[in-house]
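If you're matching them up, the sequences are chains A and B in order.
Just so you know, the first sequence maps onto residues 0 to 346 in numbering that gives the first Met the number 0.
Just so you know, the second sequence maps onto residues 0 to 497 in numbering that gives the first Met the number 0.
Please keep in mind that the hints were generated in silico from the structure rather than gathered at the bench.
Model, not experiment: these values are computed from the prediction.
In this text, a Cβ means the ideal position worked out from N, Cα and C, and glycines have one as well.
Be a bit skeptical, because a hint or two may be false.
[What the hints assert, rightly or not] Derived list of chain A stretches under chain B, where covered just means 3 residues or more per stretch with a C-beta under 8 Å from a C-beta of chain B: (1) 148–158; (2) 207–217.
[What the hints assert, rightly or not] Taking lysine-lysine and the DSSO-like style, the derived pairs with C-alpha atoms no more than 30 Å apart in a straight line are: (3) K312(B) with K11(A); (4) K48(B) with K123(A); (5) K191(B) with K201(B); (6) K189(B) with K312(B); (7) K117(B) with K11(A); (8) K227(B) with K124(B); (9) K48(B) with K189(B); (10) K189(B) with K124(B).
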Amino acid sequence: MQSGERSTNVIKQLLSRHETYVALAIVIFSIVITAINPAYLTLRNFLGLFQTYAFWGVLAVGVLVVLISGGIDISFTAIATVAEYVMATIMLRFGGDIFTSLLIAASIGIVLGLINAVFIHYFKIPTIITTIATLNVYYGVLIAITHGSILHSFPSWFNNFGNMLVFTIPGSHGGSPYGMSVLTAIWIAIIVIVWFILQHTRLGRAVYAIGGNAEAARRVGFNIVSIQMFVYGFMGLIGGIAGFMHGLMIGAAEPNSIYGHELDVIAMVVLGGANLAGGKGTITGTILGVVLIAIMGNGLTIMRVSSYWHNLIIGVIIVVSVSFSAYRGRRAVVRRSVSKERTEAVG
Amino acid sequence: MPSKLLVLENISKRYGGVQALDSVDLDINAGEIHCLAGENGSGKSTMVKIISGVVAPDPGSRIFVDGERQHSYRAIDAVHRGIEVIFQDLSLFPNLTVAENIAMSSTVAGGSPIVAWKEVREIAKRTLDRIRVDLEPNAPVETLSLAEQQLVAIARALATDARFLIMDEPTAALTRNEVDDLFSVVEELKTKGLTVLFISHKLDEVLQISDRVTVLRDGRKVGTYDVKEVSADRLTALMTGRTLVAKQKSEEQTYGPAVLEVDNLSREHEFHEVTLTVHGGEIVGLTGLRGSGRSRLALSLFGLNPPTAGSVKMNGKEVRLRSVQDALRAGIGYVPENRMVEGLVANQSVRRNIVITIIRRLLNRIGLLDARKTDEITTTLVRKLDVRLPSVDAAIQTLSGGNQQKVVLAKWIATEPSLLILNGPTVGIDVAAKNSIYELAQSLADNGMGILFISEEVAEVAHNCDRVLVMHKGRVVDELVPPDISEAKIKASINAIR
Chain A
0 MQSGERSTNV IKQLLSRHET YVALAIVIFS IVITAINPAY LTLRNFLGLF QTYAFWGVLA
60 VGVLVVLISG GIDISFTAIA TVAEYVMATI MLRFGGDIFT SLLIAASIGI VLGLINAVFI
120 HYFKIPTIIT TIATLNVYYG VLIAITHGSI LHSFPSWFNN FGNMLVFTIP GSHGGSPYGM
180 SVLTAIWIAI IVIVWFILQH TRLGRAVYAI GGNAEAARRV GFNIVSIQMF VYGFMGLIGG
240 IAGFMHGLMI GAAEPNSIYG HELDVIAMVV LGGANLAGGK GTITGTILGV VLIAIMGNGL
300 TIMRVSSYWH NLIIGVIIVV SVSFSAYRGR RAVVRRSVSK ERTEAVG
Chain B
0 MPSKLLVLEN ISKRYGGVQA LDSVDLDINA GEIHCLAGEN GSGKSTMVKI ISGVVAPDPG
60 SRIFVDGERQ HSYRAIDAVH RGIEVIFQDL SLFPNLTVAE NIAMSSTVAG GSPIVAWKEV
120 REIAKRTLDR IRVDLEPNAP VETLSLAEQQ LVAIARALAT DARFLIMDEP TAALTRNEVD
180 DLFSVVEELK TKGLTVLFIS HKLDEVLQIS DRVTVLRDGR KVGTYDVKEV SADRLTALMT
240 GRTLVAKQKS EEQTYGPAVL EVDNLSREHE FHEVTLTVHG GEIVGLTGLR GSGRSRLALS
300 LFGLNPPTAG SVKMNGKEVR LRSVQDALRA GIGYVPENRM VEGLVANQSV RRNIVITIIR
360 RLLNRIGLLD ARKTDEITTT LVRKLDVRLP SVDAAIQTLS GGNQQKVVLA KWIATEPSLL
420 ILNGPTVGID VAAKNSIYEL AQSLADNGMG ILFISEEVAE VAHNCDRVLV MHKGRVVDEL
480 VPPDISEAKI KASINAIR
């Protein structure tokens, strides 16, 4: 009896979570895609997919933290681009090693992120406005100085690192060996770190707290300045790391290959259940959001759907997912806003 | 002599040109429930801010905690002394769980940057047990009712080892039953030695829960009284500075022809075979416990909740009420229970809120809003209803509850209805504003309007109505006419069926 009760409880809990439905969508799409082309459901395909999407996945994790805090950051693509470009310039002119390159990209990212934080906190400019502005400023300065030229012919120590595999699986039937890319490993490492920060540190809970009720967070004694510095500084750091990864992935720094994809990344995070109003979102959901978009893109290609349809189909998935989650959440939200307004009305 | 936990002497606070508090003394005994009562603008909130250290009083003010003079007294000092405020908005984190909310202070103050989840759960459990409240610690706070959220806020304050709890208007948005539950928690805390300062303008609650009450008026202290020595009437007089004169009801009064005739109206599971009449110039009270079907019936009469059987006549003609437009056409106005959600557009101006019901009438030949007519109507109504506001362009949310309610009334009066339904017209507004709403209802009736006055506050029903209907489980079970209309008799009628 009791175990039956417990298992219905577990099911209930699962059904109340957004992540469950995203995971379900992934499973269903995977079945459909495999039925059409069995080449989809292979370890090789997935490892390749995760290599390609690790870069977007890393950015998504940064965006998740910003969304939970109740803000938004649009400028991260410019941050990643600038970080990549500066890193590439220094690398090409002075050489160096992989750690210095990472350090340079990360530092540039942190600085640009902190600039965002300063504007947001001290000038009280809404985060979306601030970061749209800095997106244009960061990117504009870069283009003005470089005239959009592409940097390439990176040193071999850099390119070799990008081609490294964490583990290798020999190809069967004489196929080429394959394995997990170092890029995927970086993504996984960042996932673990951010998960730990969000779930198990005071700082992480503070990010949830200011996203849920900023005024209450102030009253309970959280230091709002330092939390915001962390959130946008961390987004900058992530942007810097992503810029580094992009260099590894492409082997060149081109100003307009990341810029313009801000909303794609935000969409992945929202797809994973993060709330643009703040306070809500999980690492699991974000990973699932990235994976869903990844397998959709991949699956559509494998199914030979014309790429003209990709945007439309992915757009529809996002609309359906977000509407569904809004529909499920509406009852709680209505109740909350009614009670909130009642309290206000009395004042 | 009980020991004094907190003594405030000669407290003054000036904000620019406004003297919010003027030499107020207040003393709180350890272990008592003390109530700070007063109307809006009497200085209660400023007092709370000073006690909690959020605002510093002007020089010359003296604060003693446990007999010790406090020279600098900031919010953090108050917290260290075990003084905790539960603000009206509760300051909870809706997205976090009950447990995390309760333990939040210790998370913030904790030495380690790592959250000890086991400890969080233990703190929550211990505190909830202490106030004997059974809430699921893992439930997100946003899924709880407001009353439950209130309990979470109390638990959170207690989790910090508070010994003096200040509750700012804790009952403002609670139903009667929820208030009773809350009070039993407060009583429980008192037996455990906690001191409570309770801010309220609801007299029955003040009398029910407190040991002593301090009344403020216009920033000055009127006095501190033992609750056993004051009555509700006396408190009202102390808070407002005047006495309310009860309406003289006569049996001989004559009314106009029937405005509203409801015949055997039913809606499945909500109300059954309701028959009632409201005449022009008559105020008919409709009361009963929460869930008795009062509000459902009101919504049906306003076209929002179509009845399943029976008929409604307005001014002698049968009407079908399937939408708000139908109700408007039939000459019905409805002042809802929850004005901020159902009655007003909070961020829009007073002017726009008032004319929203008659926007069609204000269009000129080419279909644009006639500014002069709009102004005329708005200013006339604002003056007539004595709405206190800086300008008709002020946003609704900047007004006090009483003035907001007057704007709701104004917008329905603008439609010149023959029947006005008032559903809980004085919920959450202070005594003086209540009184002016009563006067307004009476003057509308005197001009021939029929009024259906729905309220669960028996006192105001007795005070205002020419005839009183009592509902229970969806049926009208009793009708009282003068001279039987009194608080006691209505209560007796409600209790008889319980």
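Do the hints match the structure? See the list:
Proximity of the region 148–158 of chain A to chain B, defined as three or more residues with a beta carbon under 8 Å from a beta carbon of that chain, is not established by the 0 residues found. As drawn, the region 207–217 of chain A meets chain B at 8 residues by the rule of a beta-carbon pair under 8 Å; at three or more, the given contact holds. Taken as a hint, the K312(B) and K11(A) pair is broken in the structure, with Cα atoms around 49 Å apart against an allowance of 30 Å. Restraint check for K48(B) and K123(A): satisfied, since their Cα atoms lie roughly 25 Å apart, inside the 30 Å limit.
A threshold of 30 Å between alpha carbons decides the hint, and for K191(B) with K201(B) the separation of about 25 Å falls inside it, so the pair holds. With a C-alpha separation of about 55 Å, the suggested pairing of K189(B) with K312(B) is violated against the 30 Å cut-off. Note on K117(B) and K11(A): the hinted pairing holds, with a Cα-Cα distance of about 24 Å set against a maximum of 30 Å. A C-alpha spacing of about 37 Å is found between K227(B) and K124(B), which places the hinted pair above 30 Å, so the restraint is violated.
Among the hinted pairs, K48(B) with K189(B) is consistent with the structure: their alpha-carbon atoms are about 23 Å apart, no more than 30 Å. At roughly 20 Å between alpha-carbon atoms, K189(B) and K124(B) fall within 30 Å of each other, so this suggested pair holds.
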